[in-house]
Amino acid sequence: MSILDLFKRRTSAPVARERLQVLLAYERRSRGQPDLVSVLREEILAVIAKHVQIDQDYIQVSMDRGETMSTLEIDIQIPNKSAVPLAMAG
Amino acid sequence: MGKVVVVTSGKGGVGKTTSTAALGAAVAKTGKRVALVDFDVGLRNLDLIMGAERRVVFDLVNVIQGTAKLSQALIRDKRLETLYLLPASQTRDKDALTEEGVAEVIARLRQVFDYVFCDSPAGIERGAQLAMRFADEAVIVTNPEVSSVRDSDRIIGLLDARTMRAEQGEHIAKHVLVTRYDAARAARGEMLSIDDVLEILSVPLLGIIPESQDVLRASNLGAPVTLSEPTNAAAKAYLEAARRLEGEDLPVIVPFERKGFLDRLLGRRAA
Numbered sequence: 533m534s535i536l537d538l539f540k541r542r543t544s545a546p547v548a549r550e551r552l553q554v555l556l557a558y559e560r561r562s563r564g565q566p567d568l569v570s571v572l573r574e575e576i577l578a579v580i581a582k583h584v585q586i587d588q589d590y591i592q593v594s595m596d597r598g599e600t601m602s603t604l605e606i607d608i609q610i611p612n613k614s615a616v617p618l619a620m621a622g
Numbered sequence: 036m037g038k039v040v041v042v043t044s045g046k047g048g049v050g051k052t053t054s055t056a057a058l059g060a061a062v063a064k065t066g067k068r069v070a071l072v073d074f075d076v077g078l079r080n081l082d083l084i085m086g087a088e089r090r091v092v093f094d095l096v097n098v099i100q101g102t103a104k105l106s107q108a109l110i111r112d113k114r115l116e117t118l119y120l121l122p123a124s125q126t127r128d129k130d131a132l133t134e135e136g137v138a139e140v141i142a143r144l145r146q147v148f149d150y151v152f153c154d155s156p157a158g159i160e161r162g163a164q165l166a167m168r169f170a171d172e173a174v175i176v177t178n179p180e181v182s183s184v185r186d187s188d189r190i191i192g193l194l195d196a197r198t199m200r201a202e203q204g205e206h207i208a209k210h211v212l213v214t215r216y217d218a219a220r221a222a223r224g225e226m227l228s229i230d231d232v233l234e235i236l237s238v239p240l241l242g243i244i245p246e247s248q249d250v251l252r253a254s255n256l257g258a259p260v261t262l263s264e265p266t267n268a269a270a271k272a273y274l275e276a277a278r279r280l281e282g283e284d285l286p287v288i289v290p291f292e293r294k295g296f297l298d299r300l301l302g303r304r305a306a
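For the protein sequence lines, the chains are A and B, in the order given. Counting from 533, one number per residue, gives the positions in the first sequence under the numbering used here. Counting from 36, one number per residue, gives the positions in the second sequence under the numbering used here.
Hint data in this document are derived by calculation from the structure and do not stem from the laboratory. Beta carbons are placed, not taken as given, at the ideal position from N, Cα and C, and that holds for glycine. Mixed in with the good hints, there may be bad ones.
Unchecked claim - A short, non-exhaustive set of chain B residues, derived as facing chain A with CB atoms under 7 Å: (1) VAL181; (2) ASP188; (3) GLY192; (4) LEU193; (5) GLY224; (6) MET226; (7) ILE229.
Stated by the list, open to error - Partial list, computed: chain A residues near chain B (C-beta under 8 Å): (8) THR543; (9) ALA545; (10) ALA548; (11) LEU552; (12) GLN553; (13) LEU555; (14) ARG563; (15) GLN592.
Excised from the complex, chain A in its bound form (with noise of 0.2 Å):
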């Protein structure tokens, strides 16, 4: 770190508009979406929650519709460091 640096500040706003355009982009492609999807994440990660720490961006679902049949896609990453179980952890 140059002296320079100490008398820069690091402006915020490009930070907030990167982060608006992340999440709003993710919550647009779930906004046509029925409410299954959403209720069956947050369920899933409660059940998984109670025996696993879990952060929730590791947990990715979606439903694709077809004609006859719909299929339910669940993808769980579970990261080695934390997937201890809780009790044995407490």
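Place chain B on chain A using the hints.
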């Protein structure tokens, strides 16, 4: 047939009521007949901002329930004879408004007035949805701040899905009104810029209202800022926004703050 404009935002405290009063008064000043309808049942405030709080006898819920006539509930402004207010009730019953009732009141107001401004409650629940339900146009009040922009995006989604016009496959005109804009902070990159807000929401800009003590003073006095202090910066911005709402092609000038000496010295950059 008058035009119905909903003033909405999702987030509370961004300036919906203040903007409804200021825009409505600005349009009424041009001789158009304007009705301001407060949809915030249980938490009405438009009467207070308009300085008519002691003149409320009947309200929107009374009209819908048939206990008062529309003409009895409408309050004429003391300053402008073309400006009227239909207050919300202070009842705690959230279901006091029915869709059929609102439809009828709006239809009747449309026949008499050139403009009907619906001041939406905060949130995305029933009250907010009823306020936008019969709108032809929407003014989305947004502060240049992350939570307000996110909520505005949500409201835009609702406008495109839940309004009568949207359901009938018609277009609902939307405008963003940026309020509480602080040019100095935006120049220092501490606040979302107008370009940021417009790029994210992709809705055309109706106006930029600078952060101003005059707006607060106008609220204290119970007068729309466009009537009480029409030469102030915020009032001018509202008057121009009202002209754009009426279809005038008036360029928006972003309030500009020259960089201070200290900012240059410290190399602070605008975003």
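### Query
Of the hints given before, which are not true for this structure?
Violated hints (numbers, rising): 4, 7, 15; every other hint is consistent with the structure.
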